[in-house]
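Q: Just so you know, the sequences run in chain order A and B. Residues in the first sequence are numbered consecutively from 1, following the numbering used here. Residues in the second sequence are numbered consecutively from 1001, following the numbering used here.
Note that these hints are calculated values from the structure, not bench results. Fair warning: this is a prediction, and the values are worked out from it, not measured in the lab. Check before you lean on any hint, since a few could be wrong.
Pair by pair, the computed Cβ-Cβ distance ranges are [what the hints assert, rightly or not]:
#, chain 1, residue 1, chain 2, residue 2, range
1, B, Glu1192, A, Ile5, 41 to 49 Å
2, B, Glu1388, A, Val15, 49 to 57 Å
3, B, Gly1358, A, Gln54, 39 to 47 Å
4, A, Asp308, B, Gly1177, 55 to 63 Å
5, B, Asp1260, A, Pro60, 39 to 47 Å
6, A, Leu29, B, Lys1352, 38 to 46 Å
7, B, Asp1394, A, Asn297, 42 to 50 Å
8, A, Lys233, B, Asp1394, 58 to 66 Å
9, B, Asp1317, A, Pro86, 16 to 24 Å
10, A, Trp161, B, Arg1492, 22 to 30 Å
11, A, Ile245, B, Asp1394, 39 to 47 Å
12, B, Arg1091, A, His71, 50 to 58 Å
13, B, Thr1336, A, Trp161, 50 to 58 Å
14, B, Cys1434, A, Gln74, 44 to 52 Å
One side of the interface only, derived from the structure: several residues of chain B facing chain A at Cβ under 8 Å [what the hints assert, rightly or not]:
#, residue
15, Pro1039
16, Thr1121
17, Asn1161
18, Asp1172
19, Ala1173
20, Glu1192
21, Arg1197
22, Glu1247
23, His1315
24, Asp1317
Note that beta-carbon positions come from the ideal geometry of N, C-alpha and C, so glycine has one too.
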Amino acid sequence: MKTYIARRLLALIPVALVVATVAFVLIHLAPGDPASIIAGPDATPEDVRKLEHQLGLDRPLPIQLVQWYGHLLQGDLGRSIFLRKPVTEAILDRVEPTLLLTVFAIVIAVVIGVPAGVISARYHNSAGDQALMGLALVGISIPNFLAGLLLILAFSVWLGWFPVAGYSPLESGWLATLRSLVLPAFALGLVQSALIARITRSSMLDVLREQFIVAGRAKGLGERAVVYKHALKNAMIPTVTVIGISFAVLVSGAVVIETVFNIPGLGRLIISAVLRRDYPVIQGVVLCIAGVYMFVNLVVDLSYIVFDPRVRYQ
Amino acid sequence: MTRIVLACVLVLGLAFAAPAQEQPKPGGVLKAAMIGEPPSLDLHWTTAVIVQQITWHIYETLYTYDKGFNPIPMLAEGHTIADGGRRYTLRLRQGVKFHNGKEMTSADVVPSLNRWGRMATPGKALWKFVEAVEAKGPYEVVIHLKEPSGSLLYGLARPNNGAAIYPKEVMDAAGDGQVKEFIGTGPYRFVEHKPDRHIKVARFKDYVARTDAPDGYGGKRVAYFDEILFIPVPDVSVRLAGVETGEYHYGQQIKQDQYDRIKTMPGVSARVIRPSAWSTAVINHKQGLLTDKRLRQALQAALDMEPIMAAGFGHKDFYRLDGAIMFPEQPAWHTTAGFDLYNQKNKAKAQKLLREAGYAGQPIRWITTQEYQWMYKNALVAKQQLEEAGFKIDLQVVDWATLVQRRNKPELYEVFSTGFTFGPDPALATSVQCNWPGWWCHEEKDRLMDALIKETDVKKRRVLWERVQQLLHEDVGRIKFGDYFTLDAVRRELRGFQSTPELYFWNAWLAK
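Pulled out of the complex, with its shape left as it was, chain B reads as follows (with noise of 0.2 Å):
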């Protein structure tokens, strides 16, 4: 009798047990099925986003955001702000150790924020505005500025092109060039790079964790994985399959038509990214063409967006009509200003305008490239619609690495499809910079967009934002057609794993 009470406690026990909280439990080395190649392993040097996708579980920022995409301290403690606006002193967590043993301080600090400051494209912009950086003491750094701005603290603490902190060591030794030893204060030490197999980093033992709790990409960041491999399989259909048979623990931005079947998938999830970009059309408003504004707009008037869109991402959980430069996610930041001049589908305000321009049928060089196939997607259905409407376009189809560089030629184009991927700061978006492919410069934007840089009061720089919004549909500065979300696969055994735009493994584990 007392063994039946005891095993009936203890089946009870059990089925109670059985929904609470899993506990992460480390080891294991995790494969993440890549979709290609980095470029660099020096955060500082570029901008394409698998490169910070993996650095960044080696290397750290002063800031990082939390939930709400707001900068939090990372490697910093806190800061004070003095002078009007002007002076920031940043007070650096202490006993923070780089992977090669040495403890971060302010030695290393400002030389990694000047670096970056003169390399990294979001440094630059903001370095403007910077007057100098200095040390002061082991743990102190100040940042003097020549006038105030509401975004050091979000450049800080961008992932992308992201101000890593390196040691000052390895910095010199790199000079101007790439830094050539990947060393951080990161969760995971980078191991090995074997180009087209895999970048192996491991668990830092003597990684020194914030204490307060996980808060979006910030807080207590522990790496319970031995080992991460990122494995680049630039075959989708490879990376799907590898997921669906355990070789793989997570498959990036699968194609999204796959979504049903990987629902049905046993021991797989699918995990929809959003926000994750939009996709857009850049026009060209240094030379040619589209330099007329009428042409511009008759553009702007005759597309459809819903069937481009249908075009490109296939199934309807994975875009959205939205004709704002920032996410709906960001309540802070997303606006509808200017939203009655998105998809208006109109031919016929179209026609009129191609008229009134003197159009006379003069081909639209329009730049797309196969390798984005919903960028290519998205243009042949606009194509269509442009013609009908009257314009004549003349589609090139070219890969990525001659789209990049065509398009740093006015000369070659009047159009030209990319997207433009989440980012925080609507300061810092590239969706709306003058000196980018494209050359939207336009005096009243560009001197919201100074103010916007410089403005600390959140009310202000919303007002000056929606404007700013207001006048990329007026004077119709990119074509944006949609949201894009992007799909990835997950196997069931990957634990604690949060889908965010930005890729990370930290505070997960495997649960067997």
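Excised from the complex, chain A in its bound form (with noise of 0.2 Å):
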């Protein structure tokens, strides 16, 4: 177990390798400087030339490639062309709202999709269940973009229950902070529950027809204990994935509800960083984000030992 955990882990090195290099390159290869964006509409073509050369700009890709692997070697990830600050630092700052939010949208995202997913696997067939699936098909099929807008129409601006946009720190109190975040919670949270519902669902269906849900129930278990007690457990697995990837999804992907709300968090960093070519932070937010996907996928793949005790890792 140690062993598989410490392969997995040093196994991150030549992906974050790849990672780096991939995001450098593609990045650089996309039109677009962030000297043009600094000088501004009016500047002159030299006026750009004379800042691109300032900032270092004009030095030859791989030669920027190689100081910028030797930062990385440091654990520098470098400095934000546009923030006046180190980059490590800028995702620092960002990791808060965005870390919360994730939390918050899979917490929803969960008490709302697994048990969808169960009694509609329990009911199937009937009209609840058809009833819960066609709400879920709905959930999936908004873009979470349309659903936060939606969130703000109604919460916001008719009923007035929670700001329109922008995040409360937590150091001005987490009931503000709270309050910050259950509408872009909700709109990214939603989507999630219903791809989780609809997995759970389905897991389940496989589960419930299975041989031991016959035996349990010939031997005169309860409805509760044969649903909530086995099929559960073992319908856990495809569910668990998917959280897990939901999770992983949700840091990166809240790119578009950090910008329609108005919070300052990682997916708005990447966001304006990708718009203004501020290239140290998108490398290091691609880097960070690469990192959590392969943590949550770690933990992921541990967490099978919980639900199905046949799995083993050597």
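Fit the two chains together into the complex; they arrive one by one in their own frames, and the hints show the way.
A: In structure tokens form, the structure reads like this:
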């Protein structure tokens, strides 16, 4: 087990290296450059060239790449061109809102998705099942930015219960933070809950047809015990996988919702960095998100042991 | 009985008092929802409009504009001109404090002007004519010019990429880079910048205001708010929703199709910023197909501006067909020279010119962006019109960052979309500069522009300018589609706020 974890952790290094290189090359191959953005629309080409030189962006790409590797080895992600601070600091500044938003959204997704899936499976083909799955279909089909704007319209503009946008940091009180995250978390979580509900339902349906369920019922177990104790636990492996992936998707997928709700998280950081071609920040955040994906995958793999004792990692 | 009389008097008194001028009230935090983040907070570094809109609450310039867009003193007290217009002696106001407590003197002004002349785009254009800037005692600065200039004061008064006066030590610490401390003499001082969250400025208690009445951007500036938060809110519908619920007091650049809806919102007023800018197709004169004047003329002849502008700006109140480089709101500079060539809608003429030029359907590469929807929609309708006339248009839709980079590379395009924002002095107008992307360099035009920058006589300047505009149309320097206006949403409790081409919040206050 320990060697397995160690092996998996070591495997992160080459993956990170590939991700870092691909991110670097792709973003530098993309047209556009930060100097033109800093100089502004009325600047002349000479002004832009001068600025490019000043920022060191006119050096050959391989040299820039090697320099960046050098800094990476020392744990330095470089300095943001626009934010006037190190990338690591910029990322750490943004972790709090994104992490809280993601956790909140995943809680919403699980609390709604898993019971909806179980109920649908238990009352398979009933009107309730069809209604729930119909809702889930709507949930999957609505893009989250639209869900976000509709929630703003209903709960902020009409009812005035929640702020339209913005984030209140933890230091100003957790209640205010929670309030500022309710709408974005629902906008993100509802879509994921639909996905989780559908996966839970189909995996529950498979399990409910298994022989051990028939055996359980035959020996006189109550329906509740059959569904919640035996079937649910066995049906959880695909669900947990989806929840894990959802978590990673939410960390990176908060881009749109953070923009709509004006939340200064990692998503906003990367989107404004891409729009302004703030290369060091883009590379740093991509690396960071890749790390989150790899870590979450590891945790999901390890969690299988809890749900299925037959799983062994050696 | 006495009570009744007293009550009547009181009621009448109140009734008469109510419509009287409301007294400005200090206090409160103004929340302004801006379209995005400024790329820098160093005004000398960038021509990005949002930088000026935020930072000119912090920094001030020696001159600024009155309501007729003429230069008037701001940090300067006044000036004298000698040596046939070659020597400007600027007297500085005394007792003006920087936010770090230090008094502003010529020791700060001279390096500020030199840095601006070295770094800023308009500064560089003007400094070609500047021989030297020197201090003459603590409160006088002398600018020696190689030749007289009609544009020097206009240039010093510009808010955009303006000649902000920084403390000397801040510039020394910055070297060739951007300033690291944001210190000026303005009514608000910089407090903090939390990227993607806000830029906070607070009232500068020791601000030394001018004593003359407010006039345009000049005169007495008062900071009524305790603080202003400039909040970047990139999503336009969220900006509007925020103003509707009262979360923001001001929402910048709302979509024009929301105009009628805003007018029905209680507590919100719709402000049309007129003039704002003009929408244009910039032609590449340096390289490629459109270096052939006949092709440019064909392009110009084919276009029908009404549907182009209607597609871009939706509501009639937000665009105007006008072929002039300067706006009708600037009577000193607005002219109808060359108007017969604007908005011709003449496909037959275009086809004839195409035949004469031997055009064989080679694609015209047109770079545009959806980041500014109106640019894309203008280009889309124009493409359709041009293709009907026989052109083949290769519309390349990219993001703004790509557009501003590619436009510097003449080998990559024939046309790109952009807008030219309002500016008071024609001699510094980006729209006619030869060294700007598109490289519209034309011997007579450039000679006229040189003369315009040097000429000090207003009447002569106007004659020169009329000819420049004539040439813009004759040589098809740029294709102007039309003027457009932007829309801001403002809470009614924000009082004293003026909607002008340049955004500012001094002299404005919150009623509750």
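Q: Against this structure, judge whether each hint is valid.
A: To see whether the hints hold, each was checked on the structure:
1. B:Glu1192 / A:Ile5: 41 to 49 Å: holds, 42 Å
2. B:Glu1388 / A:Val15: 49 to 57 Å: holds, 54 Å
3. B:Gly1358 / A:Gln54: 39 to 47 Å: holds, 45 Å
4. A:Asp308 / B:Gly1177: 55 to 63 Å: holds, 58 Å
5. B:Asp1260 / A:Pro60: 39 to 47 Å: violated, 55 Å
6. A:Leu29 / B:Lys1352: 38 to 46 Å: Distance hint for Leu29 of chain A, Lys1352 of chain B holds at roughly 44 Å.
7. B:Asp1394 / A:Asn297: 42 to 50 Å: holds, 44 Å
8. A:Lys233 / B:Asp1394: 58 to 66 Å: Holds - the Cβ-Cβ distance for Lys233 of chain A and Asp1394 of chain B, about 60 Å, lies within 58 to 66 Å.
9. B:Asp1317 / A:Pro86: 16 to 24 Å: With Cβ atoms ~48 Å apart, the hint is violated.
10. A:Trp161 / B:Arg1492: 22 to 30 Å: For Trp161 of chain A and Arg1492 of chain B the Cβ distance comes to about 23 Å; the hint holds.
11. A:Ile245 / B:Asp1394: 39 to 47 Å: holds, 40 Å
12. B:Arg1091 / A:His71: 50 to 58 Å: holds, 51 Å
13. B:Thr1336 / A:Trp161: 50 to 58 Å: holds, 56 Å
14. B:Cys1434 / A:Gln74: 44 to 52 Å: Holds, at about 47 Å.
15. Pro1039: holds, 5 Å
16. Thr1121: holds, 5 Å
17. Asn1161: This interface hint holds because 7 Å falls under the 8 Å limit.
18. Asp1172: Interface hint status for Asp1172 of chain B: violated (17 Å vs cutoff 8 Å).
19. Ala1173: violated, 13 Å
20. Glu1192: violated, 12 Å
21. Arg1197: With a closest approach of 4 Å, the Arg1197 of chain B hint holds.
22. Glu1247: holds, 5 Å
23. His1315: This hint is violated: His1315 of chain B lies away from chain A, its Cβ roughly 22 Å from the closest one there, beyond 8 Å.
24. Asp1317: Asp1317 of chain B check fails; min Cβ-Cβ to chain A is 24 Å, beyond 8 Å.
Comparing the model with each earlier hint shows violations of hints 5, 9, 18, 19, 20, 23, 24; every other hint is respected.
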